[in-house]
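K.L.:
Chain residues, written in single-letter form:
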Amino acid sequence: MTPKRRRLWLLIGSLGTLGVAAALVLSALNDNLVFFYSPTQVAEKSLGPDRRFRLGGLVEAGSVQKDGQIVRFTVTDTNKTIAVVYRGILPDLFREGQGVIAEGALGSDGVFAAREVLAKHDENYMPPEVAKAIKEAGQWKERK
Amino acid sequence: MVAELGHFALILALAVALIQGTVPLIGASRGDDRLMALGRTAALTQALLIIVAFGALTQAYVTSDFSVANVVANSHSAKPLLYKISGVWGNHEGSMLLWALILALFGAAVAVFGAGLPDTLRSRVLAIQSLIGVGFLAFLLFTSNPFERVFPAPADGNGLNPLLQDPGLAFHPPLLYLGYVGFSVTYAFAIAALLEGRVDAAWARWVRPWTLAAWCFLTLGIALGSWWAYYILGWGGFWFWDPVENASLMPWLAGTALLHSAIVVEKRDALKSWTVLLAILAFSLSLLGTFLVRSGVLTSVHAFAQDPARGLYILGFLLAVTGGGLALYAWRAPQLQGGGLFQPVSREGALILNNLLLCTLAATVLLGTLYPLFLDLLTGDKVSVGPPFFNATFVPICAPLFAALCVGPLLGWKRAELWPALMRLRVAFVISLAAALVAMTMIDSRSTLAALAFGFGVWLIVGSLWSLADRLKQGTLRTTPRATLGMVIAHASLGIVVLGSVATSAWHTEVMQTMKPGDRISFAGYAVQLDKIEQVQGPNFVAERATLNVTVGGKPYTVLQPERRLFTVQRRQVAETAIQTNFLRDFYATLGEGDPSQGWVIRLYLNPLAPWIWLGAAFMAFGGFVSLSDRRLRIGAPRSSKTRRPVTQPAE
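These protein sequence lines are chains Y and P, in that order.
Residue numbers are given in my numbering: position 89 of the first sequence equals residue 89, and the series is strictly consecutive.
Residue numbers are given in my numbering: position 131 of the second sequence equals residue 1131, and the series is strictly consecutive.
Just so you know, these hints were derived from the structure itself, not from any lab.
Any given hint could be a false lead.
[As the list claims (entries may be wrong)] Calculated lysine-lysine pairs in the DSS-like style (CA-CA distance at most 27 Å, straight line):
no.	chain 1	residue 1	chain 2	residue 2
1	P	K1414	Y	K4
2	Y	K4	P	K1473
3	P	K1414	P	K1473
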């Protein structure tokens, strides 16, 4: 086999692999992108019940109600609020007044049914999306 | 006083690193022996100075010296000693100091063990290694000085993030960094080779052990991190495709590819420029990982509070290392003409396929990790790319990789026949097919894909061992080269990891139940009774501890005691899972919030084969170490006359 033909084989192989990978990636991106919305954005868009997204904001103070495994709370970006229901164990850092990200979909009753509530390692951590959402609502206070 | 000593040592180290990064380079280009010899001394001095600095910080932590700001922010006098020590690297400044320390230690190791290297190559490697060190030392001194004092000193510190107060996480960063930083040596070798304008078998024989060592540590570091996430986050999962996890997976994939392509350079004198490129990429991805973790540009479940200015510095450094490396590569690589010709069906061909697939995997992970960043920059949309994306892309690309993995080692160099190799594996193929069928019909008929993946896991194990058995027909275990044994162990271990992850992901059972003391539920054939919830006192926390009595068929089976710990200093709660394992499955229990009137939320998981994930990873690293002990690769071992073939080619 000449070096030329070897290179041709290599090229075909690489292009083939890349092509398959690109096809996989594109189709997966199409189906599996989860958008992040703040309560204000959710109010602006009409999102169907089958549209999975991430909701981020602050857990409104005094809104958390626990009923066995079912937790209800309200997420706010200080402009609009959305009620959330979640069944499961909340992450250790879930607290009223703290930033939160919940993944799920809106129910037909307008309540966001969370499948997952994300935990953070650090209590001073504010998810960048949440910080941005609050900034956009014009309520951002710089921490010390 | 000790802190000032540490600070001073760090400043001296930067000065020494600057000298080490320049003088030997000049020496190498002029052929001046005295200038080149300086590299060795400087490397040892630099390592010594950073050891002093690191020791000073450790001393401040161990003695709880609260006049040092870093100690105040991350330690507390009531913390157990282990976490006082691990607190040293459990924060930004300390972990960067650890980076610099390991970098300098690797540099010193090259200086000590590299006596057999050609003088110019050694001095260039040491200089490049030291230039990377300059970047990190300057970063430490100018943006993240760990030795800053506070006045007046507070009476006590803020304590370490409770999630980090865990034996698994105490050793996770050092192992991970040994891996990340280990690739800096390979990077330095690659840049030095580009400067020299030549890559030969001797070069590959030097690069491979360093890559292998870095790879082993990285494997262990990733496994430890994943194990930690498994038992501390309490979700029963072991891998979340989180940006921070992906950040460590990408250099691992590139490093694995490098490990394999270096073999081709060594044995066949081919794939040279590709190997050099991989070496640059592997270290760049390590730096990218550090950048992603430290800058907070991506939302991650593992994210810590960050400082954008520091992120910017690391980004600049990353661009310099990657951009500089790639520019030099573009300029000099065309000189690295490969030698040995080969057919597509051959050991070389199989290794190219391996590289192609591993790099595709790394690219997929890179794309999925950075896509949210790009989309944010371009459109302002905030998105997250989660596990479904990676399951749909990463897993299918693994299939051909796993399928070819057992066949490749059976092919000969230069040219080979595919069919005889496949025939030698026919028994392994039948066994794996049977395993997949058993999984499909007997364990779970819902998921054909899981059964198929299970079959692949069996294929990796049986296929690897079969080829070893085949080889043993001609010789004994003793005469088999350690490198071959290491390869077989590592390949079979990959199968163990695959089996563990497939079984855990696809066939676990879980239940979530609100329980009061005395309540009993039945779960997957076990009866689980909540005996009591009690308050217990730890060294720096108070905990609610549940006692779950597990019986099977009326006979006592085990007692699980998950806790919710409230760390008194930070007022933070951390769940402590209870896991009972028999190495075939994990019985996993977490305690949620609750009170006596409503009951407590208890979550139970039965995770089949879960321990295999980490056992497999540990075996894989062990395989790497076995291969590292091969005489051929032993660092500093005298070369036998056989390996001194004149395969070197001068630069054109």
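K.L.:
Does each hint fit the structure? Answer for all of them.
P.N.:
Status of each hint after checking the structure:
Simply put, K1414 of chain P and K4 of chain Y have alpha-carbon atoms about 16 Å apart, close enough for the 27 Å limit, and the pair holds. A threshold of 27 Å between alpha carbons decides the hint, and for K4 of chain Y with K1473 of chain P the separation of about 39 Å lies outside it, so the pair is violated. Restraint check for K1414 of chain P and K1473 of chain P: satisfied, since their Cα atoms lie roughly 24 Å apart, inside the 27 Å limit.
The earlier numbered hint that this structure contradicts is number 2, and it is the only one.
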